[in-house]
Each structure stands twice: as structure tokens, then as C-alpha cells.
Amino acid sequence: MSNSSETIEQLVQKEYSAGWVTDIEQETFAPGLSEQVVRRLSEIKQEPEWLLEFRLKAYRHWLTLTPPTWAKVKYPPIDYQASTYYAAPKRNKDGPKNLSEVDPELLRTYEKLGIPLHEREALAGIAVDAVFDSVSVATTFKAKLGEMGVIFCSFSDAVREHPRLVRQYLGTVVPYSDNFYAALNSAVFSDGSFVYVPKGLHCPMELSTYFRINAANSGQFERTLIVADDDSYVSYLEGCTAPKRDENQLHAAIVELVALERAEIKYSTVQNWYPGDAEGKGGIYNFVTKRGKCQGYRSKISWTQVETGSAITWKYPSCILMGDESVGEFYSVALTNNYQQADTGTKMIHIGKNTRSTIVSKGISAGHGQATYRGLVRISASAEGSKNYTRCDSMLIGHQCGAHTVPYMDVRNSSSSVEHEATTSRIRDDQLFFCRQRGLSEEEAVSLIVNGFCREVMKELPMEFAVEAQKLLGVSLEGAVG
Amino acid sequence: MLQIKNLHVTVEGREVLKGINLEIHPGEVHAIMGPNGSGKSTLASVLAGRQGYVITAGSVSFQGEDLTTLLPEERARKGIFLGFQYPVELPGVTNLYFLKAALNAARIARGESEMDAMDFLDFARAKARLVGLDDALVRRPVNVGFSGGEKKRNEIFQMAILEPKLSILDEIDSGLDIDALKVVSNGVNQLRTPANSTVLITHYQRLLRYIVPDRVHVLSGGQIVRSGDRELAEILERDGYGSSNGVKDSNPEIHA
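So the sequence lines, in the order shown, correspond to chains F and S.
Take the first sequence: its position 21, counted from the start at 1, is 21 in the working numbering, and no numbers get skipped.
Take the second sequence: its position 137, counted from the start at 1, is 1137 in the working numbering, and no numbers get skipped.
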């Protein structure tokens, strides 16, 4: 009775709206990676000796590694010598001291993306660190946050101004030897964001980083390090976009979170890197290592991600639950359309007693998209009385896509419990007809049903982000559904 | 309002409707009765524009406009409402959100401004009271975890929100106990106006005790075999559908 497969093909492809390029004079390295490049990068950034050493160790280790092959993603080998490892807008030697000195072209870029950097016009209650290719170009509300003792600045500034803190925590959650991409990032990371929330403070603003890749043939390798001291709370948002280009571009970031006693970090991502065109040409390779350490007693780390972009997503935001009674959460929506591939999930490593973790993963596959949930729940012998609940739901739209669920469980004591639920579903014809009978177009109906499917995750997002994410899901699905 | 002439419809190559003629005027309530498999639900689906139903002959016009070439959502926005025999669940999509989107789609199509969230909330609450739907259900995902009666009441709630010109209620009474039937019927009666029309599709006469039709039609073998006023329903109740099978305007006593 249905010919929905025909209508899938009929619907038109919606353009990626953030796909334009900013015309700005750039300072870039020639393509290629060597010890010399690592040294030059460190020199440009006037880094201390210990950081150069960290980079060199990482680089030398990286040379011994090969890219991981266990993920369910396919792509031709990447030529790491063809990529550029530093691209930054040209600026005065000292760099802009405040927002009024930032190149207006850059301000316009972020404005166009809906991220006004003038504090006057900025979204109330959100401070932004804007990262453009390899460098942070502006950080808003820095002074206001500083009065409360919150450090929120670019990674480079943090190295200069708070070297003790950076050195104390850098690489403690994701060691440079962790994996191929982590080693690469540790060698060539150029900038990123740094956050420190002091003891007892409930950070009153949402902090956010907005990543923009602009330059062609360049990789983006940023690091984020967030430390929440005892009894503090911070909510952090991350957004990303890139121009449309025919070549694939590599984004290999590291995010490290540290939550001390009773501290809570909420980390939300709406990932909208350029996904490539309808034939699968171009798009970002998003190979990212994100991990949080619940170091203190009763600490909590919560990851929420909405992954709609990138040609390939390889990403497993994880929690190491060291502190007794600490809590880890992972809420994820991963949408693949056209030829996108996503292999994403989490690791919950229970070490402390009575630790708890929750995993809710919603995968949506359309077109020729392939979405894989890959997760590990490890309950160590020491983690007595711990609990995990995992729920993985997949939705298939059309007949050429795939959804895969690969849960690993490793439980080493008998006082803990692990639960896993999984479902796979399709949008049913009677649901579509019902929505259309009430006056919604087919595309509106699909967007509504998919957003409903993702509701458990979307409600974890901060308000402003939730609205954006909801729209993004609809846009990302256009052209694939029926 | 609605004019159906010599309508023939096939489903998967099989002819299910074999020449339906029906005219409904504003303000009228028509009941279409008949045994299982007589084509009642097919007629409802065809009017709403469901895929898989092929019109091989005849015409359907709604307010003077050919209906058969319109998409389901276009028909809906013009004021055709189908109350589903088996209401559909939309996990994670709240009633309020769903109906606001639906109402605004129709308003935009009519060139009106969208209703904002606050106004819609007041509007929806008033309508929920009118049809006796619990406020908690208004905020729940569409039909998820609703009882059979709640689902049917929710259909009437949707009808109240969308204020259609022509409502086709397909077996709105099936699976309801007598109390639920009264609530649902009361909702339908509340929504009757001189300007809008209702088609009740039902297997049983008992619904027509609560919603009084102007005309009653008997559908059998893909054709309307008898038409009459509400008393026809009572005759059918007494004598069963066998009395009118297949033969137009047959005299029930011959077959009794």
C-alpha cells in the first residue's frame, strides 16, 4: 500500500546553511608534519619548554601508531603530509587585546552563524570562546566571569596566564598515548578553550566554544580542558560548522573534563560540521577523543551530544567514575543521511563504589547513512554496588541505510547491575498519514516524529541549544525522508 | 459541502467501492452503516487521501472543488478531518506540540497568522474541557499509554482544535464502554454547528442513540443499498444487515 521509498527519492536536498567561506588573510604553514613543524608551532605560540616536551613526546609516539580500524567506518587512507597544521587569521603581533580590536570580518563571520560576539548583543547568560581554524579569536564575558573566580579563556592564554593549572591537568584524562588521533592532537593542537570553576561556585552563565573551520586543506586540532573544583557546577556548550569543500578535512580534538568532590560538569555538543554533499563528496572527518574523570566523591559528568554533521564521526565521550558515588551520563542523538557514517557511543568505567551511569543513545539513519552505537560499560572489581542503565534506539528511514549496536559489558563484581535495552524501528506509514491528515506536510511529519524519537536526549540540552538542535534535525533530514 | 458521484475504487487491484453516490449539505450528520468488509473504512480513507486507493471512475468534490488530486495535508487544511478507527501513537511528540503545529499549518494555508504558544495553550485548555479530556493527557505524547477510550476522546479533542468543516469519524464508537461512548458522543454534539457536517461510520446502531443523524445510509458490497432517516437505523438494529444485502431499496420483509 505504500510507496514511501519513491517519495524518499523525490524530496529535494536542503543546502547546508553554514557552508560559506570567510575571505580573510590567513597565516598558514605549508602542508606537512614533522618535528620541525611541531617545534615551530610551539615557538609561534611562545610556549614554555614543558609544553614543547609534551608535544614532542606525543609526536614521537604518534609516529609509532597506526590509525584504528575497529570502527564501522570506511574512508581512503589519510595523507597526513598533505594537511596544513596551522592556519590563523593574520593579526598584529600582540593579538587583539579586547573585542574592539578583533577583525570586523571575523565578528561578521560569527554574527552570520548566529553567535554575536559583542557582549552587548550576546545571548544573555552565555559566554563564548570563538575558535577560528587554529586559534581562539575572541572570548566574551571574560572579565565578568573573572570577578567570580571563573577562568574562561583560550587554551593559549591559559598556558601563559595559568601554567600551573594547565600543567597539573593536561593529559591526565586523555594521555597523549591514548590513541592515534589523541597522539596527533597532543603533538599539534593549536588552541581551544580552558575553564576552571572555583570551589563552591555554581557558574551562573553557560560557557560555550564555537568552532569554525575556514581554511582549505587544514586540519583543526583543538583541546578543551575543564576543571570543576569541589562543590562547583558548570554547563558547557560546544558548536561547530565548516564551509562546503570538495576535499575532506580532519578535525581531531581532545576534550578533558575533571570533576572534583561533589562537582558537576554538564557538557553539551551540537555538532554540525559540513557533512559532504548528496553523493558523499567532501565533509569533515570528526575523529575526537572526549573523556571526563569523576575524580571526587559524588562528582557528576553528563555528556549530551547531537551529531548531525561530518562525513565521518568517530567519537566516544566517556566517563571514568573514580570517586565513590560518582555519576556518569551520556545522552546522544546521531543522525546520518546521504553517505554519512557515524560510529559513536561512550565508555563508562566504574571504579569507585556505588557509582552510577546512564546511557541513552538515539541513532537515526537515512539515505545511505550508517549509524553505529559502540559502547563499553566496565564495572571494576572495586566498584561495588554500582549500576548502569543503557538504552539504544535506532530509527531507519528508507531502505539503503544501516543501524548497528555494539555494546560491550565487562562486570567484575557480583553486587552491581547492568541493564541494556535496544530497539530498532521505522517511521510507519500510518504515523505519516496520521500527521498529514492533521495538516502537516510529509517533511514536517518526519521532522516531528524524529524529534519525538529523540526527545529524551533533546530535553537534556540547555534551552537555546535545544531549539537549534531541533531545527537542525529537521534540516539534516530534508532530502532523505518520506 | 461534499458530493460523491459514481465513485469506484480499487485496492491492490480489487474493486472495493462500486459506484457510490452521496451528497452532504452543511450542518448535516450522515451515518454510514454496514457489515464488516462492506467498504466503509475504504470510503473514509479515500476521502482523506490515503495512499494505495485507486479511483477508477467517478468524482468527489468538496465545496465545489475536485478533491481527488489533493494531497492528504491539503485536504486537511481545507477542513477535512478523519477520526481514526485505530488512533496512531507518536512517541515523544506531545499532544500540545503536535496540535499547535497542525493548527498553524492550516492557518498559514488560509493566509492567517500563526497562533503563539500562550494563546494556543488557553485555546487548547478550553477545547479539552469541552470534550472532557483530562489536562494531563493534553500534555502527554500523542496517544502513548492512552486507554482505548482516551484515544477516541483524543480524536475528538483534535477535531475540536482543528474546527473542520467536514468530519469523518471512522468507528469512533468501537471498543468503548457505555460511559466512554457518552463522553465521546457529547463531545461530537458540542461541536455540531449549522455550518459543519459530520459523517459517522459505524457498525452498530447504538452510537446513533447519542448522536442523532439526519440521514442513514447502508453500505453493502461497495454500494449504498439503502438510505433513509434515523428510523432506518432502528430497522437495521432489529433485522440485521442481511435484510438489505446487495439489493438497492429492497423491501426488508421479502428477505425476513
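Treat the hints as calculated values from the structure; they're not laboratory data.
Fair warning: this is a prediction, and the values are worked out from it, not measured in the lab.
The beta carbon of each residue, even a glycine, is placed where N, CA and C say it ideally should be.
Heads up, a few of these hints could be off.
[As the list claims (entries may be wrong)] One-sided excerpt, in silico: chain F residues whose CB lies under 8 angstroms from chain S:
| id | residue |
| --- | --- |
| 1 | A422 |
| 2 | R426 |
| 3 | D430 |
| 4 | F433 |
| 5 | Q437 |
[Said to hold, decoys possible] Covered by chain F, according to a simulated footprint, are these stretches of chain S (three or more residues, beta-carbon under 8 angstroms):
| id | stretch |
| --- | --- |
| 6 | 1015-1024 |
| 7 | 1063-1073 |
| 8 | 1101-1110 |
| 9 | 1179-1192 |
Going through the hints against the structure:
no.	hint	result
1	A422	violated, 15 angstroms
2	R426	violated, 13 angstroms
3	D430	holds, 5 angstroms
4	F433	holds, 6 angstroms
5	Q437	holds, 5 angstroms
6	1015-1024	violated (count 0)
7	1063-1073	holds (count 3)
8	1101-1110	holds (count 6)
9	1179-1192	violated (count 0)
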